[in-house]
Amino acid sequence: AYTALKGRKGTVGVYNYRTGEILCMVSSPSFDPHNPAVVDKNPERYEGVYINRFLSAAYTPGSVFKLVTSAAIIDNLENIDAIVYHCDGKVIIKGVMVTCPSPHGNVTFEQALAHSCNVAFAEATQSLGAEKLQEYSDMAGFNSSLQVDGIKTVPGRVNVVNASGGDLAWAGIGQYNNTANPLNFLAYVGSIGNEGILIPPRILKGNFLTDLLRPITGKKRILSEETANKLGTMMRKNVLNNYGEGKYQGLQLCAKSGTAQVGEDKAPHAWFVGYLDREDYPLAFVVVVENGGSGSNVAGPIASTVLKAAVKNFKE
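FYI, the numbering for the sequence shown is 1 to 316, going by the numbering used here.
The reader is advised that the hints may include incorrect statements.
Simulated restraints on C-beta separations [said to hold, decoys possible]: (1) Tyr2 x Gly89: 20 to 28 Å; (2) Gly150 x His86: 22 to 30 Å; (3) Glu226 x Arg157: 23 to 31 Å; (4) Gly89 x Val161: 12 to 20 Å; (5) Arg221 x Asp265: 40 to 48 Å; (6) Lys94 x Asp280: 45 to 53 Å; (7) Lys6 x Lys94: 27 to 35 Å; (8) Pro200 x Gly95: 23 to 31 Å; (9) Asp149 x Pro103: 23 to 31 Å; (10) Gly95 x Asn177: 12 to 20 Å; (11) Val311 x Leu240: 12 to 20 Å.
If you are wondering where the hints come from, they were derived from the structure by calculation, not from laboratory data. From a predicted model like this one, the values you see are computed outputs, not experimental measurements. Glycine included, each C-beta is placed from N, C-alpha and C at the ideal position.
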């Protein structure tokens, strides 16, 4: 995973969404403890070298957050599969312009997720409302910390209680002032793979006896089984119809990419999140490359490399 990042700033995580065991936790840049980094000599390369980005960073999520918005839409908007949205590449909502990289034409809700259509999600979020978006964000844990063997993660932030119009639209797309911790998002997509039940991540591996005496605690249902399964089906189609099954051959990958705009003329953060829909390899993953560019083109290949290695070395 560290090699796959090729020196770029970011993080990669993989965990077993049935047991909670973290199998991969990489933060870049890093250093050899026997030869600590001298930050002053190369400040740009070693910026944030002492931060574990997996546990202690929060990033603008961009379009991966559409998975949270989608869960709320599935549960709360009637006949969502019958609604057709029209995308000309932009829409003005109460004076605020929401844009797409390119026009998508007429799209269903399922197609809107596959194409990551901002216009469709902006309009759907208006129908959904701030209260429901906040509820599902909180339910997913984006405003709280996860405890990993006593280590607290940095909480993300989704505060849309007073948002409306264009601000609410951009929040539903994963922009506005939204932030997400990588491990938190890993646990969220793991819950989708686990039929809506979130298993708390852990670093310390037990054995048969300790696991028998100390069963998994803290697991909770954050999505209904029906909603999780529908989301999973949509994420699977993302791979089949958009990202390319050939790049992830044999993984039964369910995924969502994100290209999170961060302003100040900086390149967007590249996200790729999801899970393997396989009983023999119940693995969820997150990849974030800071200012990396396109989520599917930059973070996607890293995920492919790491997941193939994880499957090869996996022992449940």
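Evaluation of the provided hints:
1. Tyr2 x Gly89: 20 to 28 Å: 39 Å, violated
2. Gly150 x His86: 22 to 30 Å: Check failed, 51 Å falls outside 22 to 30 Å.
3. Glu226 x Arg157: 23 to 31 Å: Since Glu226 and Arg157 have Cβ atoms about 29 Å apart, the given range 23 to 31 Å holds.
4. Gly89 x Val161: 12 to 20 Å: 30 Å, violated
5. Arg221 x Asp265: 40 to 48 Å: 43 Å, holds
6. Lys94 x Asp280: 45 to 53 Å: 49 Å, holds
7. Lys6 x Lys94: 27 to 35 Å: 43 Å, violated
8. Pro200 x Gly95: 23 to 31 Å: 43 Å, violated
9. Asp149 x Pro103: 23 to 31 Å: Violated, since Asp149 and Pro103 (Cβ atoms, about 48 Å apart) do not stay within the stated range.
10. Gly95 x Asn177: 12 to 20 Å: At 18 Å between Cβs, range holds.
11. Val311 x Leu240: 12 to 20 Å: Roughly 19 Å apart at Cβ, these two residues keep to the hinted range, so it holds.
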